[in-house]
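These protein sequence lines are chains A, B and C, in that order.
Just add 129 to wherever you are in the first sequence, counting from 1, and you've got the numbering used here.
Just add 129 to wherever you are in the second sequence, counting from 1, and you've got the numbering used here.
Just add 129 to wherever you are in the third sequence, counting from 1, and you've got the numbering used here.
Be aware that a few hints might be false.
SDA-like, lysine to any residue: derived pairs with alpha carbons at most 20 angstroms apart [stated by the list, open to error]:
no., chain 1, residue 1, chain 2, residue 2
1, C, 161, A, 161
2, B, 161, B, 336
3, B, 161, C, 223
4, A, 161, B, 282
5, B, 161, C, 161
6, B, 161, C, 283
7, C, 161, C, 274
8, B, 161, B, 275
9, C, 161, A, 337
10, A, 161, B, 336
11, C, 161, A, 330
12, A, 161, A, 218
13, C, 161, A, 218
14, A, 161, B, 271
15, B, 161, C, 278
16, C, 161, A, 333
17, A, 161, A, 330
18, B, 161, C, 271
19, A, 161, B, 330
20, C, 161, A, 283
21, B, 161, C, 273
Pair ranges (Cβ atoms, derived) [said to hold, decoys possible]:
no., chain 1, residue 1, chain 2, residue 2, range
22, B, 315, C, 225, 34 to 42 angstroms
23, C, 274, A, 188, 48 to 56 angstroms
24, C, 275, B, 213, 24 to 32 angstroms
25, C, 335, A, 220, 27 to 35 angstroms
26, A, 326, B, 199, 54 to 62 angstroms
27, C, 252, B, 219, 28 to 36 angstroms
28, A, 315, C, 198, 25 to 33 angstroms
29, C, 141, A, 275, 37 to 45 angstroms
30, B, 222, C, 214, 30 to 38 angstroms
31, C, 305, A, 138, 51 to 59 angstroms
32, B, 278, A, 333, 34 to 42 angstroms
33, A, 217, C, 227, 50 to 58 angstroms
Because the hints were derived from the structure by calculation, they are not lab data.
Glycine included, each C-beta is placed from N, C-alpha and C at the ideal position.
Listed below, chain by chain, are the residues.
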Amino acid sequence: MGYDLQAIILELLDWLGTIAFAVSGAMVGVRKRFDLFGVLFLAFVVSVAGGMIRDVLIGAIPPAAMTEIHYFVIAVLSGLATFFWSAHIVHYQRLMQFLDALGLALFAVVGTQKAIQFGIHPVMSALMGMITGIGGGMIRDVLSGEIPFVLRADLYALAALMAGAVVALGHAFQLPPVYPVLAGAGLCMFLRMMAIFHGWRAPLPRPIHDE
Amino acid sequence: MGYDLQAIILELLDWLGTIAFAVSGAMVGVRKRFDLFGVLFLAFVVSVAGGMIRDVLIGAIPPAAMTEIHYFVIAVLSGLATFFWSAHIVHYQRLMQFLDALGLALFAVVGTQKAIQFGIHPVMSALMGMITGIGGGMIRDVLSGEIPFVLRADLYALAALMAGAVVALGHAFQLPPVYPVLAGAGLCMFLRMMAIFHGWRAPLPRPIHDE
Amino acid sequence: MGYDLQAIILELLDWLGTIAFAVSGAMVGVRKRFDLFGVLFLAFVVSVAGGMIRDVLIGAIPPAAMTEIHYFVIAVLSGLATFFWSAHIVHYQRLMQFLDALGLALFAVVGTQKAIQFGIHPVMSALMGMITGIGGGMIRDVLSGEIPFVLRADLYALAALMAGAVVALGHAFQLPPVYPVLAGAGLCMFLRMMAIFHGWRAPLPRPIHDE
Chain A
130 MGYDLQAIIL ELLDWLGTIA FAVSGAMVGV RKRFDLFGVL FLAFVVSVAG
180 GMIRDVLIGA IPPAAMTEIH YFVIAVLSGL ATFFWSAHIV HYQRLMQFLD
230 ALGLALFAVV GTQKAIQFGI HPVMSALMGM ITGIGGGMIR DVLSGEIPFV
280 LRADLYALAA LMAGAVVALG HAFQLPPVYP VLAGAGLCMF LRMMAIFHGW
330 RAPLPRPIHD E
Chain B
130 MGYDLQAIIL ELLDWLGTIA FAVSGAMVGV RKRFDLFGVL FLAFVVSVAG
180 GMIRDVLIGA IPPAAMTEIH YFVIAVLSGL ATFFWSAHIV HYQRLMQFLD
230 ALGLALFAVV GTQKAIQFGI HPVMSALMGM ITGIGGGMIR DVLSGEIPFV
280 LRADLYALAA LMAGAVVALG HAFQLPPVYP VLAGAGLCMF LRMMAIFHGW
330 RAPLPRPIHD E
Chain C
130 MGYDLQAIIL ELLDWLGTIA FAVSGAMVGV RKRFDLFGVL FLAFVVSVAG
180 GMIRDVLIGA IPPAAMTEIH YFVIAVLSGL ATFFWSAHIV HYQRLMQFLD
230 ALGLALFAVV GTQKAIQFGI HPVMSALMGM ITGIGGGMIR DVLSGEIPFV
280 LRADLYALAA LMAGAVVALG HAFQLPPVYP VLAGAGLCMF LRMMAIFHGW
330 RAPLPRPIHD E
């Protein structure tokens, strides 16, 4: 695959992830009965916050979502569509979960790849990929007054970290980025689907009796 | 108007906004029965957090509130005054709402202007103005265990964004900053007053029935 | 004391603080019944978040916890140990409070010292030391859906600020850093112990009657 095609694929995945997370953020705003503006704000925050945190931490300042206006445009259009069609969207729970898993997978691999390009240690790059994937959802839940779903959902942050690890390993073996990126995203989606449909989960701590 | 006078006006507006938000933050601390130190901490956080987030995102690092000590001094003095006079301040609800609207308006226009000076796209600059205005209140509410008021209040974040948009438009038409800054701040205060006294609000989403 | 020995002592204090906070974060995850991964995530966040906020605000980007991998390793190992031994750890409440006070003291002095080295004003450096000490706990509590303990606990943030003030004063008097660092950490621990065992606290605001 030529370099141009790879760059285009990475770009497309990034756009898709932005749409998926903007819709997911906007739906939370609709459920919480925020007004139109609050809904658009959540759509924007959820779709760019993870990437912004990553960019600040890896030293890519100003963050991409500040300098490239298309993130804002995509998020606002997705938020508007969600606001007006929420009554329909709500009937497609499975599709929403699939979109969310897709966004998680895409952001995790794209985020890891960007951190590697900025010279961050591969282990921390995988973590940055995870933050890119779960950061928006964490902020969405904190702003909605809830304990972040992403910290408790079955194999959620872990799936994002695995995706990042695949990309980091691919870099260590000097593979062209697009293959580990696709493989990592696939692994992340697989883990989330197994968690949703087959109840896969990470070990729980033993209950504590101290009261 | 000469450049010096313009700079002095912008500086004065920034100080006024800092006082307004420090008092608003300190009052929340008093209501939640934080101790003296917690009250001062909230006064400081609410008055500088929005600007700090903006500065980090536009690449103005370290943020102004780190390098210019007067923000800290103003916030602590305002917090102290609030701590000791809270029993009086609480009787002036309308004055407090007015001060809060003033702080919102001033921070939104000053924040937008700063982002423009750092070469940020006008659309994102207006958003950064909004973040400057609502950031402190968002963090205040999250730290107090509540869903941010600024995301649900009638025309709150929207009023700040409108103020930023006026400043960004003024920049596009190459007006001297002080005029759109004053016009934007006026528009923001007008919108907030209409929301408070006449119940103006943004459209709400249709209720969702999915349980 | 030679420079090397001083540097080693500062480094050791930083490691100890990281362990103390990683264990404290992991215990919260265990109590909230997060899974293994959530527990490790909280261990990492609580131990590095304060330092990351400080580093971003003083312009030390990427933050040390991004570029030096040992923070990650220490946090994960401490989190793993806590996950498996939580049933034992829970019986040592006093030890946990002592460890937490130790972490607070160490992070406050090390954080202040780093801010001073980056040319930040001494007053703001002391504040940055406080943020280093309380930042992780603030984020831990917000992510767990609670009002931050660090803002309400008796002499918690204040003890950290006092520690930072001692380091900042030492710098003003051009003392070699290691002495004010140890003195500041000692003062912080003393204040926390007095708060825990003798109920020392900061003044409370008068109750507000407005409903």
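These are the hints, each one checked on the structure:
no.	hint	result
1	C:161 <-> A:161	violated (24 angstroms)
2	B:161 <-> B:336	violated (32 angstroms)
3	B:161 <-> C:223	violated (28 angstroms)
4	A:161 <-> B:282	holds (13 angstroms)
5	B:161 <-> C:161	violated (24 angstroms)
6	B:161 <-> C:283	holds (15 angstroms)
7	C:161 <-> C:274	holds (10 angstroms)
8	B:161 <-> B:275	holds (11 angstroms)
9	C:161 <-> A:337	holds (10 angstroms)
10	A:161 <-> B:336	holds (9 angstroms)
11	C:161 <-> A:330	holds (16 angstroms)
12	A:161 <-> A:218	holds (15 angstroms)
13	C:161 <-> A:218	violated (32 angstroms)
14	A:161 <-> B:271	holds (16 angstroms)
15	B:161 <-> C:278	holds (13 angstroms)
16	C:161 <-> A:333	holds (10 angstroms)
17	A:161 <-> A:330	violated (28 angstroms)
18	B:161 <-> C:271	holds (16 angstroms)
19	A:161 <-> B:330	holds (16 angstroms)
20	C:161 <-> A:283	holds (15 angstroms)
21	B:161 <-> C:273	holds (19 angstroms)
22	B:315 <-> C:225: 34 to 42 angstroms	violated (54 angstroms)
23	C:274 <-> A:188: 48 to 56 angstroms	violated (32 angstroms)
24	C:275 <-> B:213: 24 to 32 angstroms	holds (29 angstroms)
25	C:335 <-> A:220: 27 to 35 angstroms	violated (53 angstroms)
26	A:326 <-> B:199: 54 to 62 angstroms	holds (58 angstroms)
27	C:252 <-> B:219: 28 to 36 angstroms	holds (30 angstroms)
28	A:315 <-> C:198: 25 to 33 angstroms	holds (27 angstroms)
29	C:141 <-> A:275: 37 to 45 angstroms	holds (39 angstroms)
30	B:222 <-> C:214: 30 to 38 angstroms	violated (52 angstroms)
31	C:305 <-> A:138: 51 to 59 angstroms	holds (56 angstroms)
32	B:278 <-> A:333: 34 to 42 angstroms	holds (36 angstroms)
33	A:217 <-> C:227: 50 to 58 angstroms	holds (57 angstroms)
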